Amino acid sequence: MAENARVIVVTSGKGGVGKTTTTANVGTALAALDKKIALVDADIGLRNLDLALGLENRIVYDMVDVVEGRAKLRQALIRDKHTQNLALLPAAQTRDKSAVSVAQMQQVVQELKEEGFDFIFIDCPAGIEQGFKNATAGATEAIVVTNPEMASVRDADRIIGLLEAQGLHSPQLVVNRLRPEMVKNQEMLSVQDVQDVLGSGVKLLGIVPDDKDIITSTNRGEPAALVKESMAGQAYRNIAHRLLGEEVPFLDLEVRTSFLENLKKLFAVRR
Amino acid sequence: MKSFLERLLGRTDASTRGIAKDRLRLVLLQDRASIPPEQMENMRLEILQVLQKYVEIEEDELDMKIERGDGAVALVANIPIRRVLS
Ligand SMILES: Nc1ncnc2c1ncn2[C@@H]1O[C@H](COP(=O)(O)OP(=O)(O)OP(=O)(O)O)[C@@H](O)[C@H]1O
Ligand SMILES: [Mg+2]
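Chains as they are written, first to last, in the numbering used here: chain A, 1 to 271; chain B, 1 to 86.
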């Protein structure tokens with residue numbers, strides 16, 4: 001079997017910014033484009049990726065079982081409900097991050113490569129400790145997820161430095177939970193602002209709006225990427241195309257301010 | 001001083017967006033320039049070695065630190081010289 005897998009870690013530093021959501025959606029979107037995808041939940045002890053994919057009831061073995069020899073990799077891999085192209089390697093829920101070492105993680109990734117997947121995505125836990133080191137160990141590319149919000153961008157910057165130190169250069173950036181309305185009102189950092197402060201070494205991969213579809217589709221266990229009319233779903237489908245090297249324009253999320261509104265604002269200030 | 005045009009476009013640094021961007025810029029500058037103590041000590045020793053080729057230094061009085069000012073980070077060193085070697 002050809003071993004051409006791209007191994008991409010999805011990371012952020014700060015917790016709760018959308019790593020798991022991004023992993024599930026981008027993986028699902030790429031599978032729909034007929035790529036063979038493996039999703040690895042590296043958040044050991046805080047298993048979540050199974051929920052995003054609606055696969056929580058199918059788990060028999062997990063990554064720690066594989067690492068400790070209780071199960072073969074193929075036994076632990078769960079086929080997705082929607083597509084034959086997607087498989088999940090779940091995290092252990094009752095263990096902690098120290099249950100897997102860097103070397104063991106690399107071994108798991110190597111075995112996944114031998115299975116002939118096109119993409120292997122590793123959903124990284126929050127933080128910069130052991131879990132981060134494990135999740136990045138087998139990766140050759142990185143996606144950094146951030147929200148247009150100060151603490152998240154700061155942590156992203158830190159993570160970018162740490163990735164660099166691990167030889168993972170020029171990570172790709174996903175700005176998640178953008179609220180165009182707030183940006184328009186000068187109440188939220190814009191994507192350009194985020195790029196400005198993070199610097200030119202980071203390439204923009206996608207802009208995902210804050211969208212209730214993410215929550216409702218997680219409720220159903222069906223990633224929003226499968227929902228045609230979903231804005232966030234579209235944003236994730238676009239990311240999938242960009243990962244395949246296609247040029248896709250960024251979603252026009254800008255809420256245009258009319259000339260009149262600006263005039264009003266101007267006079268409001270001057271009064 | 002904001003230009004008429006900038007005000008027309010609704011850009012003002014007093015917005016929380018502008019404030020956030022400015023604060024982020026500064027804090028990232030600081031974060032990126034923070035050097036672990038061990039590395040700082042190594043750097044201090046190496047700089048010292050270079051200087052000692054040319055001047056005799058009051059080692060006890062030597063002071064070297066990273067300082068953060070308005071929008072910039074600098075390595076500030078105060079190195080008392082006893083005499084110049086020739
Ligand atoms: N674009 C979005 N719009 C609305 N809600 C979102 C969006 N992205 C993520 N969320 C919500 O934010 C929460 C956190 O997302 P997620 O679990 O993907 O983050 P995470 O980075 O994986 O978190 P952790 O650090 O805990 O692993 C979830 O409840 C998710 O539904
Ligand atoms: Mg997560």
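A hint or two may mislead.
Cβ-to-Cβ under 7 Å is the rule here; a few derived chain A residues that face chain B [to be verified]:
| # | residue |
| --- | --- |
| 1 | MET150 |
| 2 | VAL153 |
| 3 | ASP157 |
| 4 | GLN186 |
| 5 | VAL191 |
| 6 | ASP193 |
| 7 | VAL197 |
These are calculated hints, taken from the structure and not from any lab test. Given the structure is predicted, the values throughout are model-derived calculations rather than measurements. Backbone N, C-alpha and C define an ideal beta-carbon position, used for all residues, glycine too.
Right, here's what the structure says about each hint:
A cut of 7 Å between beta carbons decides the hint on MET150 of chain A: the least distance to chain B is about 5 Å, and the hint holds. With its C-beta approaching chain B no nearer than about 6 Å, VAL153 of chain A sits inside the 7 Å limit, and its interface hint holds. Because the closest C-beta pair between ASP157 of chain A and chain B is about 5 Å apart, less than 7 Å, the hint holds. Taking 7 Å as the C-beta cut-off, the interface hint given for GLN186 of chain A holds, the closest approach to chain B being about 3 Å.
Nearest Cβ of chain B to the Cβ of VAL191 of chain A: about 12 Å, over the 7 Å cut. The hint is violated. Annotation: interface hint on ASP193 of chain A holds; nearest CB of chain B at approximately 5 Å, less than 7 Å. Interface restraint check for VAL197 of chain A: the shortest CB-CB distance to chain B comes to about 5 Å, inside 7 Å, so the restraint holds.
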